[in-house]
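Engineer: Spelled out from the first residue to the last, the chains are:
Protein chains: 2
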Amino acid sequence: MNKLYVVGIGPGNRENMTFSAVNALKDSDIIIGYNTYIDLIKDLIGGKQVVSNGMRKEVDRCKEAIELASKGNTVSVVSSGDAGVYGMAGLILEIISKEYSMSDFDVQIIPGVTAGNSSAAILGAPLMHDYVTISLSDWLTKWETIENRIHCAGKGDFIVVLYNPKSKSRTEYINKTQEILLQYKSPDTPVGIVRSAFREDQSVQISTLGELSNCDVDMFSTVIIGNSKTYINGKYIITPRGYSI
Amino acid sequence: MNKLYVVGIGPGNRENMTFSAVNALKDSDIIIGYNTYIDLIKDLIGGKQVVSNGMRKEVDRCKEAIELASKGNTVSVVSSGDAGVYGMAGLILEIISKEYSMSDFDVQIIPGVTAGNSSAAILGAPLMHDYVTISLSDWLTKWETIENRIHCAGKGDFIVVLYNPKSKSRTEYINKTQEILLQYKSPDTPVGIVRSAFREDQSVQISTLGELSNCDVDMFSTVIIGNSKTYINGKYIITPRGYSI
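Protein chains in written order, with the working numbering: chain W, 3 to 247; chain X, 3 to 247.
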């Protein structure tokens, strides 16, 4: 059986990887991933064959992984965070569904700590209640769909986790998101922005929805916006679960 | 400085814990948690003082943890999944905010693999696009709030992850959720139900939204309901991210 691991490596430091993720890498002949992620785990893959390439090469990367696995190699495809959240798990299964027979492969998805959960841990406890996760990238999703989801998130008083909040070519969506959410949420709603969570260059900003457009946000940032009960205490953002204390 | 870890232990098996979680437990004098979770990690805590108690004792448990830490003990409070998602991270910070001085404590939140992410990995790749996480427990949240959020999740064509879908005293909310989502989603929408993910008694059901009321769901289950593009292939549920393949 052709063995293919799709491995969520968590935020990027060894400490926040799972034992399963490390074991999958150790068990593999070939490791495949985006350059940046391969760099994060390079101490774990010494001596193994590595296939890495740049952004937006996801389809090529997954096709190559499946092809190499079909030749009898044990292959790991790595994603940062959780491989099942905007990661490579879906694409691997989509390609096998379309071009191969699913029964020829033993695909194991290894879950990991998401960027949202890592960022939340650094910020305190903002995700203690119902939340939505939305990517602001319009590369694979129409902006109208994203915009509708932001409205729904606002109407539902959800905590909001934003992935891909900004890139060099998409600078305005974060401001549009702020405008939409201000229709439903107070400008005082706490906002936390974590860049490069648990990596050497980690940085944290604690602000409010009203001030979000004045914050530094880039493609390495995760943005968490509270619900109507979220508050800030010192360096922490806290969303009450509802207990009487 | 009084040291307090709030540790997400992931789904419950050692392999899906992070190194940070294991290190925090090893570094602690006292481990505190709900009986079921303490049982899951008992091989890691031999020889340490353990304080465990039953469901709905969360406030007592956290107050005791903080009190023990304030006396100079290093204490770990454990939650299953991620401590920051319906876990103990918020309550610990809330109680310290209210009754102590935050600056007297070194609180470290250790993120973990959530029940949603574990279940998704077992089901294939259902969470590959924007999703909401909703708890159906009305113990701490009014049903009207939950109901509104389910409507918003439906209107936004989000993938939906349901925590606490059913208990002995709350048997109807999962059926109400089905009814509401059927106003927005097709009855053919794939549904995956994972019980006790990655534990010895793990079980998996793959079904559809139209059939959800006929599925076995209990308090140990996580339910994932797809978006309009989600499909089933064999034993996998796949939500396309939008790549052309």
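Since the hints were made in silico from the structure, they are not lab data. Any given hint could be a false lead.
One copy or any two copies: either way a pair holds, since identical chains are not told apart in the list.
List time: in silico DSS-like cross-link candidates among lysine-lysine, alpha-carbon distance up to 27 Å [unchecked claim]:
id	residue 1	residue 2
1	LYS65	LYS237
2	LYS65	LYS28
3	LYS178	LYS157
4	LYS157	LYS50
5	LYS59	LYS231
6	LYS65	LYS157
7	LYS144	LYS157
8	LYS100	LYS231
9	LYS100	LYS28
10	LYS100	LYS59
11	LYS157	LYS231
12	LYS5	LYS237
13	LYS65	LYS144
14	LYS237	LYS73
15	LYS144	LYS59
As the structure is a prediction and not an experimental result, all values here were calculated from the model.
Engineer: Each hint should be assessed against the structure and marked as holding or not.
Structural biologist: Evaluated hints:
1. LYS65 <-> LYS237: between (44 Å within a copy, 21 Å between copies)
2. LYS65 <-> LYS28: For LYS65 and LYS28, only the intra-copy Cα distance (22 Å) is at most 27 Å; the inter-copy one is 42 Å.
3. LYS178 <-> LYS157: both (16 Å within a copy, 20 Å between copies)
4. LYS157 <-> LYS50: Classified as neither: same-chain Cα gap 49 Å, cross-chain 47 Å, threshold 27 Å.
5. LYS59 <-> LYS231: between (41 Å within a copy, 23 Å between copies)
6. LYS65 <-> LYS157: neither (40 Å within a copy, 34 Å between copies)
7. LYS144 <-> LYS157: both (21 Å within a copy, 16 Å between copies)
8. LYS100 <-> LYS231: between (46 Å within a copy, 15 Å between copies)
9. LYS100 <-> LYS28: Neither, since 29 Å and 46 Å both go past 27 Å.
10. LYS100 <-> LYS59: within (19 Å within a copy, 50 Å between copies)
11. LYS157 <-> LYS231: Both: 15 Å inside a copy, 23 Å across copies.
12. LYS5 <-> LYS237: between (45 Å within a copy, 16 Å between copies)
13. LYS65 <-> LYS144: within (25 Å within a copy, 47 Å between copies)
14. LYS237 <-> LYS73: Answer is between: at 23 Å across copies they meet the 27 Å cutoff, but 52 Å inside does not.
15. LYS144 <-> LYS59: within (20 Å within a copy, 46 Å between copies)
In this structure, the hints that do not hold are numbers 4, 6, 9, in rising order.
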